[in-house]
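With the hints as extra help, turn the sequences into a complete structure.
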Amino acid sequence: MPDGIPGPSGSAAGEPAAGAAGAGDAGLRGIGVSPGVGFGPVRAIVGAVPEPPVKRHDGDADQARKTAVSALDAVARDLEGRGAMAASAGRAEARDVLEAQAMMARDPGLTELLSVKIDEGLSAPRAVFEAFAFYREVLGGAGEYVAGRVADLDDVRDRAVARLLGMPMPGLPVSDEPFVLVARDLAPADTALLDPSQVVAFVTEEGGPTSHTAILARAMGVPAVVACPGSASLPDATMVLVDGTSGDVRLDPAEDDLALARAVAARNRAVLPASGPGATRDGHAVPLLANIGVLADVDAAVAAGAEGVGLFRTEFLFLDRSIEPGGDEQEAVYRRVLQAFPERQVVVRVLDAGADKPLGFLPPPGEEPNPALGERGVRMLRRHPALLAGQLGALARAAADTTAILRVMAPMVTDVDDARFFAEACGEAGIESPGVMIEVPAAALRARDLAGEVEFFSIGTNDLAQYACAADRQVGRLARLQDPWQPALLDLVALAADAAQEAGKHCGVCGEAAGDPVLACVLTGLGVTSLSMSAPSLPLVRAALARHSLEECRTAAAAARSAASATAARAAAQSVLTSMTKP
Amino acid sequence: MAERRVKVASPVGLHARPAALFVQAAARVPADVGIARPDGDPVNAKSILEVLGLDVRQNEEIRIIVGEREDVDADVVLNELEELVAESEGA
Numbered sequence: 061m062p063d064g065i066p067g068p069s070g071s072a073a074g075e076p077a078a079g080a081a082g083a084g085d086a087g088l089r090g091i092g093v094s095p096g097v098g099f100g101p102v103r104a105i106v107g108a109v110p111e112p113p114v115k116r117h118d119g120d121a122d123q124a125r126k127t128a129v130s131a132l133d134a135v136a137r138d139l140e141g142r143g144a145m146a147a148s149a150g151r152a153e154a155r156d157v158l159e160a161q162a163m164m165a166r167d168p169g170l171t172e173l174l175s176v177k178i179d180e181g182l183s184a185p186r187a188v189f190e191a192f193a194f195y196r197e198v199l200g201g202a203g204e205y206v207a208g209r210v211a212d213l214d215d216v217r218d219r220a221v222a223r224l225l226g227m228p229m230p231g232l233p234v235s236d237e238p239f240v241l242v243a244r245d246l247a248p249a250d251t252a253l254l255d256p257s258q259v260v261a262f263v264t265e266e267g268g269p270t271s272h273t274a275i276l277a278r279a280m281g282v283p284a285v286v287a288c289p290g291s292a293s294l295p296d297a298t299m300v301l302v303d304g305t306s307g308d309v310r311l312d313p314a315e316d317d318l319a320l321a322r323a324v325a326a327r328n329r330a331v332l333p334a335s336g337p338g339a340t341r342d343g344h345a346v347p348l349l350a351n352i353g354v355l356a357d358v359d360a361a362v363a364a365g366a367e368g369v370g371l372f373r374t375e376f377l378f379l380d381r382s383i384e385p386g387g388d389e390q391e392a393v394y395r396r397v398l399q400a401f402p403e404r405q406v407v408v409r410v411l412d413a414g415a416d417k418p419l420g421f422l423p424p425p426g427e428e429p430n431p432a433l434g435e436r437g438v439r440m441l442r443r444h445p446a447l448l449a450g451q452l453g454a455l456a457r458a459a460a461d462t463t464a465i466l467r468v469m470a471p472m473v474t475d476v477d478d479a480r481f482f483a484e485a486c487g488e489a490g491i492e493s494p495g496v497m498i499e500v501p502a503a504a505l506r507a508r509d510l511a512g513e514v515e516f517f518s519i520g521t522n523d524l525a526q527y528a529c530a531a532d533r534q535v536g537r538l539a540r541l542q543d544p545w546q547p548a549l550l551d552l553v554a555l556a557a558d559a560a561q562e563a564g565k566h567c568g569v570c571g572e573a574a575g576d577p578v579l580a581c582v583l584t585g586l587g588v589t590s591l592s593m594s595a596p597s598l599p600l601v602r603a604a605l606a607r608h609s610l611e612e613c614r615t616a617a618a619a620a621r622s623a624a625s626a627t628a629a630r631a632a633a634q635s636v637l638t639s640m641t642k643p
Numbered sequence: 070m071a072e073r074r075v076k077v078a079s080p081v082g083l084h085a086r087p088a089a090l091f092v093q094a095a096a097r098v099p100a101d102v103g104i105a106r107p108d109g110d111p112v113n114a115k116s117i118l119e120v121l122g123l124d125v126r127q128n129e130e131i132r133i134i135v136g137e138r139e140d141v142d143a144d145v146v147l148n149e150l151e152e153l154v155a156e157s158e159g160a
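For the protein sequence lines, the chains are Z and Y, in the order given.
Numbering of the first sequence is given in our numbering, commencing with residue 61 and proceeding in unit increments.
Numbering of the second sequence is given in our numbering, commencing with residue 70 and proceeding in unit increments.
Among the clues, some could well be false.
Partner residues are not named here, just some residues of chain Z that face chain Y (Cβ under 8 Å, in silico) [claimed, not checked]:
{"id": "1", "residue": "A160"}
{"id": "2", "residue": "S382"}
{"id": "3", "residue": "G420"}
Cβ-Cβ distance ranges computed for the label pairs, FRET-style [unchecked claim]:
{"id": "4", "chain 1": "Z", "residue 1": "R137", "chain 2": "Y", "residue 2": "E129", "range": "46 to 56 Å"}
{"id": "5", "chain 1": "Y", "residue 1": "E130", "chain 2": "Z", "residue 2": "E427", "range": "45 to 55 Å"}
{"id": "6", "chain 1": "Y", "residue 1": "R74", "chain 2": "Z", "residue 2": "D122", "range": "34 to 44 Å"}
Derived by calculation from the structure, the hints in this document are not laboratory data.
Glycine included, each C-beta is placed from N, C-alpha and C at the ideal position.
In structure tokens, the structure reads:
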């Protein structure tokens, strides 16, 4: 860790290292993406299970067969157990996947094939591996529906081979004490069964500010550091202190450092105003809203004092479904969310699907080598207007008998044509407040044109960064370019906010950037009129705004935009917003 | 040996949950059960991997084949299996 390089460090939570990192203090540094401090032993997610070498068994084919079959049976029982856990947690899709995997482990065709291979003399692990390889080809060669199952099959194979080789099981670590979860990167499948009370912090070698890890950690209110080189090779049980604000990961910290870190974290929690509307010190109101992705988020949003919903992602209603959800079902879900926010705004984003998130009930999309640039969001909805009409109709009916202020926006809007299409569809459904997401650079550059078509903007900083810097969100190695502090991104935000202001319309931010307390002040200074984030980020952002005047926010925004790099932009903003870094 | 042609109604075809339910039902039958495309060779209907590998889509026709066995009434088995794939709400 090169000291002296001003990393993306320091913010409302302070910096426990405080520049006092003496010799002998081992540490790593990544990007802090979820504030707070966590301390505990490292537990790594076990990665790849190696291919077993081509070896022969010792001559006892029956014994080898028994070993192989009982390993597969144990894997099946384990998967069934996880399936039952998922079912009792109300997660039907996870249960279906786990049960199908258990069936794969017990598959009679697979058993027969590995038996033949053992008869030919192959060792149990190798025979299992080769039998799976055969079915991998079978499934891989079938249509795209089935190709997705190959990953499930590989997971079953890895579990069986790990068992036979006496290696640790891939997947989440098992621990009887809370731990710091360390991984190369985390996929939703890795974390589906995560027990939040077991994890004190996340550290990943790869991933960026918009990675699954970052979003999950913020949603859980657990500190996290991503893009942290060297972390994936930390030995298990190493005690680490993770600072999700500065991005510092300290190994075996001294007792003093630990005490200091805990004191800073405790103080930061203590000064947080529990609730109240968002406003700068001089009373400029900035409504603080919550991002919602599943119904469970609604309670967390209300508890954190959200003044409404700034981004209600509706995908959960549609993904993993074999038939389109009915209007009544949609209406009931929308009503539950709207009822939780009487007389407050609820901004709903209509279905955002595409080639990377295909829908089971629509014909498979054409081949798209680059789905991020493909027919997703409103582009897809233009091809399926009935789907959009069904969703808008259900929203309008749900809003009719609640007092919430319904606003509806379209994702991936690029030009006036897209905006007009969506505004007209909303008009037909009787929805008066259509809006557009600003996440395509073209939309930000020509925001003035779009402002004439719709009632509000909401800037999705994650996608806007991805498209402005041509850096795939899924590629952790490009985290530097997905940094919301990139001056180019700040420029685009300013363009959109200015255009909205000229037209007398609202311009919110609903990307993860809004949850960064320093950046929240800068966004306010750029003219953004509301901030929406995952609920656990609300108190820190509320506190940061309350400590600064609108003029200070504007000065910080100007300073950040004058900088030539993301790092310099953050440092420049911090130097203006001094009360963020001083105790 | 008894055989029946059935059109698959589930919107996801013989995949996901409908496939699992079909294979589970076939596995409960003491006799051999096969499944094939109209002009193809049958595969083991008790094998989820074989059934998924067939990649049967909605509205495609399949053949279900039940092997001879004294304690098995092939018609009853075929009725049960047909019901599983021919009803659109397999999930």
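Evaluation of the provided hints:
The interface hint given for A160 of chain Z is met, as the beta carbon of that residue sits about 5 Å from the closest beta carbon of chain Y, less than 8 Å. With a least beta-carbon distance of about 4 Å to chain Y, the hint placing S382 of chain Z at the interface is held under the 8 Å criterion. With its C-beta approaching chain Y no nearer than about 6 Å, G420 of chain Z sits inside the 8 Å limit, and its interface hint holds. Separation of R137 of chain Z from E129 of chain Y is about 34 Å and departs from the stated range, judged on CB atoms against 46 to 56 Å.
Taken as a hint, the range 45 to 55 Å is violated for the pair E130 of chain Y and E427 of chain Z, whose Cβ atoms sit roughly 27 Å apart. Taking the beta carbon of each, R74 of chain Y and D122 of chain Z are about 42 Å apart, inside 34 to 44 Å as hinted.
In summary, the structure is inconsistent with hints 4, 5 from the numbered list given earlier, while agreeing with the others.
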